[in-house]
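Asks: Sequence:
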Amino acid sequence: MTIRKIAVLGAGNGGCAAAADLTLRGYEVRLYSRSESTLQPVRERGGIEILEEGRQAFARPRLVTSNIVEAVPGTELIMIAAPASAHEELVSSLAPHLSDGQIILLNPGHTGGSLHLAAILTGLGVKKKIRSCETVTLTYICRLIGPAKVEIYRRTTHLRCAAFPGKFTAELAGEVGKIYPDIVAAANVLETGLSNINAIMHPAGMLGNAGRIEHQGGDFLFYRDGITPAIARLISAVDRERLNIIGKLRLKPLSFVEIFYQAGLTSDAGRSSGSIYRAIQESAPNRTIKSPASLDHRYVHEDVGYGLVPMAEIGRLLGVETPVMDSLITLASEVNQKAYRREGLTLEKMGLAGLHANDLSEFLYEGVVKG
Numbered sequence: 089m090t091i092r093k094i095a096v097l098g099a100g101n102g103g104c105a106a107a108a109d110l111t112l113r114g115y116e117v118r119l120y121s122r123s124e125s126t127l128q129p130v131r132e133r134g135g136i137e138i139l140e141e142g143r144q145a146f147a148r149p150r151l152v153t154s155n156i157v158e159a160v161p162g163t164e165l166i167m168i169a170a171p172a173s174a175h176e177e178l179v180s181s182l183a184p185h186l187s188d189g190q191i192i193l194l195n196p197g198h199t200g201g202s203l204h205l206a207a208i209l210t211g212l213g214v215k216k217k218i219r220s221c222e223t224v225t226l227t228y229i230c231r232l233i234g235p236a237k238v239e240i241y242r243r244t245t246h247l248r249c250a251a252f253p254g255k256f257t258a259e260l261a262g263e264v265g266k267i268y269p270d271i272v273a274a275a276n277v278l279e280t281g282l283s284n285i286n287a288i289m290h291p292a293g294m295l296g297n298a299g300r301i302e303h304q305g306g307d308f309l310f311y312r313d314g315i316t317p318a319i320a321r322l323i324s325a326v327d328r329e330r331l332n333i334i335g336k337l338r339l340k341p342l343s344f345v346e347i348f349y350q351a352g353l354t355s356d357a358g359r360s361s362g363s364i365y366r367a368i369q370e371s372a373p374n375r376t377i378k379s380p381a382s383l384d385h386r387y388v389h390e391d392v393g394y395g396l397v398p399m400a401e402i403g404r405l406l407g408v409e410t411p412v413m414d415s416l417i418t419l420a421s422e423v424n425q426k427a428y429r430r431e432g433l434t435l436e437k438m439g440l441a442g443l444h445a446n447d448l449s450e451f452l453y454e455g456v457v458k459g
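Counting along the sequence shown from 1, when you hit position 189 you're at 277 in this note's numbering, and nothing is skipped either side.
Don't read these hints as lab results, they were simulated from the structure.
Just so it is clear, the structure is predicted and the values come from calculations on it, not from any experiment.
Incorrect hints may appear among the rest.
[As the list claims (entries may be wrong)] Between beta-carbon pairs, the in silico distance windows are: (1) 181 with 217: 43 to 51 Å; (2) 158 with 321: 48 to 56 Å; (3) 445 with 262: 27 to 35 Å.
[Claimed, not checked] Restricting the straight-line Cα-Cα distance to at most 27 Å, the calculated cross-link-like pairs of lysine-lysine (DSSO-like) are: (4) 336 with 93; (5) 217 with 340; (6) 336 with 237; (7) 458 with 255; (8) 378 with 255; (9) 237 with 216; (10) 216 with 266; (11) 426 with 378; (12) 266 with 217; (13) 378 with 217; (14) 340 with 215; (15) 93 with 378; (16) 336 with 266; (17) 458 with 426; (18) 340 with 237; (19) 336 with 378; (20) 216 with 340; (21) 340 with 378; (22) 378 with 215; (23) 340 with 426; (24) 217 with 93; (25) 216 with 336.
Each residue gets a CB set at the ideal place from its N, CA and C atoms; glycine is no exception.
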């Protein structure tokens, strides 16, 4: 397949970065957001300004639309660059307009994203031959720094990608790798999903700085100032539980520090230290990023509900205890008055309810349990 037409669904940081970058590289890009107010700056400027390593350029996507019917049909690749909490509504709206052979890329998949996608399409009775895959994290470390103005601090390196069902991973990683050369194939979508950097570090960072965020309105550097040695120890505890789950799945046990390094987010010294605190302090791409202004933010909503919740749920399926993850989920639920365990990504929503732990590997590879 030759991918030339790409629908980018989501016009936030990642979506605008992708739309601008891919347009400038010669792809026909259709940028979609359900929100006209989100698209208004792009319409007013006639495109997206992009800054990267001191270079500045201006991209004019072929189409900017809030109509999903205009965005999806006729494209070879549908890239979803939206918060995980928006996936269900977004996938439900695009489902009637899918065609055989289209690829859906979750950029990123968060934790369990491809499983959730497949469960939604199955529930809607979609019969089209759609292939889907996901990346571990966003292809760009970036932020919108003004109206329709995005800065790319770093392109993510050694970016693992997996398909669901896993039997399509080599093929789809190859196709996506033509667009993003730093793509590497992962074993399955739990290897990608359980390497969710944001879920490992953001909940601890947000809850540990709750008073500071509310008092100062986020007026501090989230990673440099907010991740103290004590909070780094809490992140380490989450990482230990995550690695216990990975051990049960017999996947390659990459630590948070190693994943962080492979993504291009810390220095050689940060990696060699083995210290989460040191690795985050040494993160040049994250150095100037400020804290969210409130706890009503995707660092909690998404990274707890669609990060820690599915990790803990998968742990439960495998018989792995996750007391630190469970505590953070409880605290986040109380702080934001949201039932993350119910509203987040559960085994039922991932299509894993009732599955026996021994059948999980087959399910991830085949998409069904044949026995």
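Asks: Now, for every hint given, state plainly whether the structure supports it.
Replies: Hint by hint, here is what the structure shows:
{"no.": "1", "hint": "181 with 217: 43 to 51 Å", "in the structure": "violated (20 Å)"}
{"no.": "2", "hint": "158 with 321: 48 to 56 Å", "in the structure": "holds (49 Å)"}
{"no.": "3", "hint": "445 with 262: 27 to 35 Å", "in the structure": "holds (31 Å)"}
{"no.": "4", "hint": "336 with 93", "in the structure": "violated (40 Å)"}
{"no.": "5", "hint": "217 with 340", "in the structure": "violated (31 Å)"}
{"no.": "6", "hint": "336 with 237", "in the structure": "violated (44 Å)"}
{"no.": "7", "hint": "458 with 255", "in the structure": "holds (14 Å)"}
{"no.": "8", "hint": "378 with 255", "in the structure": "violated (41 Å)"}
{"no.": "9", "hint": "237 with 216", "in the structure": "violated (37 Å)"}
{"no.": "10", "hint": "216 with 266", "in the structure": "holds (24 Å)"}
{"no.": "11", "hint": "426 with 378", "in the structure": "holds (25 Å)"}
{"no.": "12", "hint": "266 with 217", "in the structure": "holds (22 Å)"}
{"no.": "13", "hint": "378 with 217", "in the structure": "violated (42 Å)"}
{"no.": "14", "hint": "340 with 215", "in the structure": "violated (34 Å)"}
{"no.": "15", "hint": "93 with 378", "in the structure": "violated (35 Å)"}
{"no.": "16", "hint": "336 with 266", "in the structure": "violated (33 Å)"}
{"no.": "17", "hint": "458 with 426", "in the structure": "violated (38 Å)"}
{"no.": "18", "hint": "340 with 237", "in the structure": "violated (38 Å)"}
{"no.": "19", "hint": "336 with 378", "in the structure": "violated (37 Å)"}
{"no.": "20", "hint": "216 with 340", "in the structure": "violated (33 Å)"}
{"no.": "21", "hint": "340 with 378", "in the structure": "violated (33 Å)"}
{"no.": "22", "hint": "378 with 215", "in the structure": "violated (44 Å)"}
{"no.": "23", "hint": "340 with 426", "in the structure": "violated (34 Å)"}
{"no.": "24", "hint": "217 with 93", "in the structure": "holds (18 Å)"}
{"no.": "25", "hint": "216 with 336", "in the structure": "violated (34 Å)"}
In the structure shown, a violation is registered for the earlier hints numbered 1, 4, 5, 6, 8, 9, 13, 14, 15, 16, 17, 18, 19, 20, 21, 22, 23, 25, in ascending order.
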